[in-house]
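Student: I would like the entire structure built from these sequences, with the hints used as guidance.
There are 2 protein chains.
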Amino acid sequence: MVFRQIYEEGLAQMSYFLGCPATGEALVVDPRRDVDVYLELAESLGLRIAAVAETHIHADYLSGARELAAQTGATLYLSDEGDENWKYRGLEGLPHVLVRDGDEFRVGNIRVRVLHTPGHTPEHITFLVADGAVTEEPLLALTGDFLFVGDVGRPDLLEEAAGMRGTAEPGARAMFRSLRRFLALPDHLQIWPGHGAGSACGKALGALPATTLGYERRHAWWAEYLERGDEEGFVRALLQGQPEAPTYFKEMKRMNRDGMPLLGGVPHPGRLTRFQFQKVLAEGAVLVDTRDKFAFAGGHLPGSFNIPAGKNFSTWAGWLLPYDRPLVLLAEPGRVEALTRALVRIGLDQVAGYIPGLEGYAEGELEQVPQVSAEEAKRMWEAGALVLDVRGRDEYLAGHIPGALNIHAGRVVAHLDRLPKDRPILVHCLGGDRSSTAISALLAHGFRNVYNLTGGIKAWTEHGFPVEKGEALVEA
Amino acid sequence: MVFRQIYEEGLAQMSYFLGCPATGEALVVDPRRDVDVYLELAESLGLRIAAVAETHIHADYLSGARELAAQTGATLYLSDEGDENWKYRGLEGLPHVLVRDGDEFRVGNIRVRVLHTPGHTPEHITFLVADGAVTEEPLLALTGDFLFVGDVGRPDLLEEAAGMRGTAEPGARAMFRSLRRFLALPDHLQIWPGHGAGSACGKALGALPATTLGYERRHAWWAEYLERGDEEGFVRALLQGQPEAPTYFKEMKRMNRDGMPLLGGVPHPGRLTRFQFQKVLAEGAVLVDTRDKFAFAGGHLPGSFNIPAGKNFSTWAGWLLPYDRPLVLLAEPGRVEALTRALVRIGLDQVAGYIPGLEGYAEGELEQVPQVSAEEAKRMWEAGALVLDVRGRDEYLAGHIPGALNIHAGRVVAHLDRLPKDRPILVHCLGGDRSSTAISALLAHGFRNVYNLTGGIKAWTEHGFPVEKGEALVEA
Numbered sequence: 001m002v003f004r005q006i007y008e009e010g011l012a013q014m015s016y017f018l019g020c021p022a023t024g025e026a027l028v029v030d031p032r033r034d035v036d037v038y039l040e041l042a043e044s045l046g047l048r049i050a051a052v053a054e055t056h057i058h059a060d061y062l063s064g065a066r067e068l069a070a071q072t073g074a075t076l077y078l079s080d081e082g083d084e085n086w087k088y089r090g091l092e093g094l095p096h097v098l099v100r101d102g103d104e105f106r107v108g109n110i111r112v113r114v115l116h117t118p119g120h121t122p123e124h125i126t127f128l129v130a131d132g133a134v135t136e137e138p139l140l141a142l143t144g145d146f147l148f149v150g151d152v153g154r155p156d157l158l159e160e161a162a163g164m165r166g167t168a169e170p171g172a173r174a175m176f177r178s179l180r181r182f183l184a185l186p187d188h189l190q191i192w193p194g195h196g197a198g199s200a201c202g203k204a205l206g207a208l209p210a211t212t213l214g215y216e217r218r219h220a221w222w223a224e225y226l227e228r229g230d231e232e233g234f235v236r237a238l239l240q241g242q243p244e245a246p247t248y249f250k251e252m253k254r255m256n257r258d259g260m261p262l263l264g265g266v267p268h269p270g271r272l273t274r275f276q277f278q279k280v281l282a283e284g285a286v287l288v289d290t291r292d293k294f295a296f297a298g299g300h301l302p303g304s305f306n307i308p309a310g311k312n313f314s315t316w317a318g319w320l321l322p323y324d325r326p327l328v329l330l331a332e333p334g335r336v337e338a339l340t341r342a343l344v345r346i347g348l349d350q351v352a353g354y355i356p357g358l359e360g361y362a363e364g365e366l367e368q369v370p371q372v373s374a375e376e377a378k379r380m381w382e383a384g385a386l387v388l389d390v391r392g393r394d395e396y397l398a399g400h401i402p403g404a405l406n407i408h409a410g411r412v413v414a415h416l417d418r419l420p421k422d423r424p425i426l427v428h429c430l431g432g433d434r435s436s437t438a439i440s441a442l443l444a445h446g447f448r449n450v451y452n453l454t455g456g457i458k459a460w461t462e463h464g465f466p467v468e469k470g471e472a473l474v475e476a
Numbered sequence: 001m002v003f004r005q006i007y008e009e010g011l012a013q014m015s016y017f018l019g020c021p022a023t024g025e026a027l028v029v030d031p032r033r034d035v036d037v038y039l040e041l042a043e044s045l046g047l048r049i050a051a052v053a054e055t056h057i058h059a060d061y062l063s064g065a066r067e068l069a070a071q072t073g074a075t076l077y078l079s080d081e082g083d084e085n086w087k088y089r090g091l092e093g094l095p096h097v098l099v100r101d102g103d104e105f106r107v108g109n110i111r112v113r114v115l116h117t118p119g120h121t122p123e124h125i126t127f128l129v130a131d132g133a134v135t136e137e138p139l140l141a142l143t144g145d146f147l148f149v150g151d152v153g154r155p156d157l158l159e160e161a162a163g164m165r166g167t168a169e170p171g172a173r174a175m176f177r178s179l180r181r182f183l184a185l186p187d188h189l190q191i192w193p194g195h196g197a198g199s200a201c202g203k204a205l206g207a208l209p210a211t212t213l214g215y216e217r218r219h220a221w222w223a224e225y226l227e228r229g230d231e232e233g234f235v236r237a238l239l240q241g242q243p244e245a246p247t248y249f250k251e252m253k254r255m256n257r258d259g260m261p262l263l264g265g266v267p268h269p270g271r272l273t274r275f276q277f278q279k280v281l282a283e284g285a286v287l288v289d290t291r292d293k294f295a296f297a298g299g300h301l302p303g304s305f306n307i308p309a310g311k312n313f314s315t316w317a318g319w320l321l322p323y324d325r326p327l328v329l330l331a332e333p334g335r336v337e338a339l340t341r342a343l344v345r346i347g348l349d350q351v352a353g354y355i356p357g358l359e360g361y362a363e364g365e366l367e368q369v370p371q372v373s374a375e376e377a378k379r380m381w382e383a384g385a386l387v388l389d390v391r392g393r394d395e396y397l398a399g400h401i402p403g404a405l406n407i408h409a410g411r412v413v414a415h416l417d418r419l420p421k422d423r424p425i426l427v428h429c430l431g432g433d434r435s436s437t438a439i440s441a442l443l444a445h446g447f448r449n450v451y452n453l454t455g456g457i458k459a460w461t462e463h464g465f466p467v468e469k470g471e472a473l474v475e476a
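One line per chain: the protein sequences are A and B, in this order.
The first sequence begins at 1 in the UniProt record's numbering and counts up one residue at a time.
The second sequence begins at 1 in the UniProt record's numbering and counts up one residue at a time.
Read the hints as simulated data drawn from the structure, not as lab findings.
Since this is a predicted model, take the numbers as computed values, not measurements.
No residue lacks a Cβ here, since even glycine has one placed at the ideal position from N, Cα and C.
Among the hints, erroneous ones may be present.
What the hints assert, rightly or not - Derived list of chain B stretches under chain A, where covered just means 3 residues or more per stretch with a C-beta under 8 Å from a C-beta of chain A:
1. 1-15
2. 186-192
3. 211-224
Tutor: The following block contains the structure:
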């Protein structure tokens with residue numbers, strides 16, 4: 001049996017490619033939307049993708065399952081668990097099998113048993129995989145967002161991101177039961193999860209690619225609760241300290257359940273001439289300025305969003321960019337493909353083109369972001385400027401500038417009404433990246449009196465300026 | 001703890017990168033010689049390579065341990081087990097620690113315990129790795145060529161490749177004892193080996209990146225022998241059916257023990273003008289023609305070796321190319337870097353340059369390889385041509401053209417005296433790739449009456465022509 005983990009760093013997302021050399025068939029589990037990576041792998045291994053399976057309806061990325069099935073003719077294996085809210089729709093025309101707990105399917109000699117493991121989501125399933133060429137006993141489990149290395153999937157995602165009130169606690173209880181049942185499996189079972197460190201789908205994900213049930217049973221944070229059957233303690237611990245869930249998650253859930261546009265390949269946006277660029281802007285396109293915070297501060301086009309090209313590009317794009325308007329990238333030509341993929345992975349397909357730089361714009365056409373040092377910031381703070389701390393809630397609680405308002409950088413746009421237009425706003429994060437993104441959103445929404453604390457709270461504390469802990473003006 | 005497996009497809013070789021984000025230190029285990037992959041990983045993760053360790057003195061590739069230590073200042077951790085033949089030499093000037101069974105070392109929070117696991121080689125050690133941030137209990141073992149997925153390292157490599165008579169059986173017995181001892185470890189221990197499917201360091205390596213001790217204990221081919229304590233049966237089974245060991249292995253062993261030239265970076269051979277090319281050829285350089293078998297057959301420069309660019313390039317280069325002469329690559333410019341790396345990985349450092357094609361050569365300057373169909377081959381065979389089967393011994397025994405001589409393609413040069421110059425030699429393999437390589441070696445050594453059975457024994461059997469099984473004129 002061939003087995004490959006495919007790691008997508010931006011969303012810390014893992015998909016899997018399993019092949020049976022004896023029959024030439026392959027199975028892909030939890031594919032991302034730019035599916036060429038699987039097609040190329042199949043080609044290089046001389047295998048045909050015959051099946052595509054999904055552990056659950058994902059929230060943090062747009063699934064490539066339908067895309068891959070449409071491009072290859074593979075059969076989809078999707079969960080039939082959960083209530084009506086969690087039933088896949090729009091599968092007409094795609095060969096598919098809806099599976100439930102206890103079902104089995106084979107891809108060549110690869111035997112897959114379906115286990116219903118609700119908790120992260122109600123319809124979540126785990127695949128127990130056996131290499132039939134060796135034995136019928138499973139050697140590994142593809143656990144999706146049920147079991148991670150050192151953690152479990154968060155059950156509060158939809159309550160948090162989509163306002164589905166009252167789903168977090170029942171989810172946590174379901175997770176407890178799923179774990180209890182799963183622990184009956186043997187210690188030597190390999191666990192290959194759907195996410196690694198950095199994903200917003202859990203809070204303490206480990207950086208290892210895989211783990212074993214025996215190790216998790218002994219050393220995961222949840223092990224002690226399961227050991228003593230302490231469901232209440234487990235639920236409390238699980239729901240505590242989960243990171244902010246990006247608002248685009250809600251949209252992903254809906255599209256992954258109901259269907260999304262098929263791409264037929266990765267889009268290649270073209271370079272726009274100045275006239276083309278002006279035309280698409282006039283038609284409502286949003287300019288995504290992917291340069292770093294310094295370049296953005298030094299001069300940018302009014303109305304553009306600063307989302308620097310980097311590891312978290314997908315996530316920040318998901319937090320801030322509109323799904324109903326075309327996008328234009330300001331990016332080095334060599335980066336356009338990777339950035340376009342990062343957007344397509346979360347369903348931001350409308351990339352109208354790119355421009356490589358701002359040469360040719362006159363000084364007066366560009367806007368700057370005033371940068372202030374820690375000393376200047378202290379003077380502004382003393383003089384009554386509003387301090388807007390755009391870090392996560394946990395970071396804020398651990399220590400913030402006294403009186404600072406906390407709105408996560410990704411949520412600034414949703415809370416504009418809480419911000420004053422009549423006094424200076426001093427924006428900061430830890431080191432100045434997220435604040436640049438938040439400031440770009442504020443500027444795009446007409447705020448003018450906005451300042452960036454260069455160096456973030458790091459610089460502030462290094463100067464020994466006052467910091468307080470715990471709650472204050474919190475709006476995470 | 002950060003953990004990455006780095007897979008090098010050409011030699012099916014796996015190295016490991018382990019990092020401790022808390023202290024910013026990293027450990028690399030069993031690095032390959034083009035070490036930039038580790039430097040880039042460290043850079044991207046913001047870590048410093050503080051330690052480099054090796055499971056054993058490798059035979060199939062030139063170690064990058066000293067290279068990486070020299071470039072980073074990292075401390076080397078090397079085995080002090082085994083007799084005088086297996087002691088590392090020439091380590092002066094490189095910070096190093098020689099370790100024995102039971103020793104421990106730490107890299108940040110990563111705790112590494114050394115286990116002596118002889119069998120593949122006498123000094124072989126395995127690293128038990130614990131993530132000290134979680135627990136002191138090991139979560140995984142880096143088993144090198146001791147334990148593979150579904151297999152164990154072969155103990156006969158040096159007897160086979162280097163003529164060290166009488167080492168295979170004692171090695172097999174040592175392997176049995178190492179396994180017995182290792183099986184005392186818990187089922188949930190992850191096993192991350194030094195090689196995957198396709199390596200010549202074992203015979204039945206699985207295609208999965210990792211396994212667990214519990215799964216191997218139950219399902220590996222050797223499990224039953226250990227279960228019933230059947231050492232004799234184990235030794236017999238282990239020594240049976242091992243693949244041919246490339247002759248360059250002997251050279252690798254020596255260099256990996258005694259030291260090799262440090263590179264300081266990956267070489268970038270330049271493109272040679274026609275005059276430069278002629279000059280290096282006149283000075284004794286060997287032309288390595290990396291085009292496919294068809295292009296080579298259609299026209300090649302006399303004296304060149306046909307080793308097509310592809311997955312097994314390193315291995316065939318190791319089988320056939322001289323270590324004491326400069327090499328020139330005939331390759332597409334876009335492939336030169338990958339090919340150079342493949343050569344450097346096995347210590348073929350003397351790449352004098354490349355030429356992109358044979359344009360400009362007159363018809364008469366190029367040599368062809370006569371291709372014969374299965375029907376023509378049958379007529380030649382009936383008329384008394386020598387059939388030279390250049391496949392592996394096991395393939396030959398499973399079915400060959402009656403009367404065929406079997407010399408593995410990589411060993412043809414070592415057995416030229418067994419080949420007639422006075423009658424036609426009909427060379428074949430399974431499908432025509434290895435035979436093209438073997439023919440190029442024969443032509444380079446002055447043989448002229450050589451024919452390639454296009455389509456190999458595949459075509460022969462498809463025509464229903466006679467095949468016999470078992471021993472005959474075997475010289476594997």
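Student: Look at each hint and say if it fits the structure.
Tutor: Verification of the hints:
Interface restraint, the region 1-15 of chain B with chain A: holds (5 residues with C-beta to C-beta distance below 8 Å; minimum three). Coverage of a stretch by a chain is defined here by at least three residues with a beta carbon nearer than 8 Å to that chain's beta carbons; for the region 186-192 of chain B and chain A the count is 5, and the condition holds. For the region 211-224 of chain B, the stated coverage by chain A is satisfied: 8 residues place a CB nearer than 8 Å to a CB of that chain, which reaches the threshold of 3.
The structure shown violates none of the earlier numbered hints.
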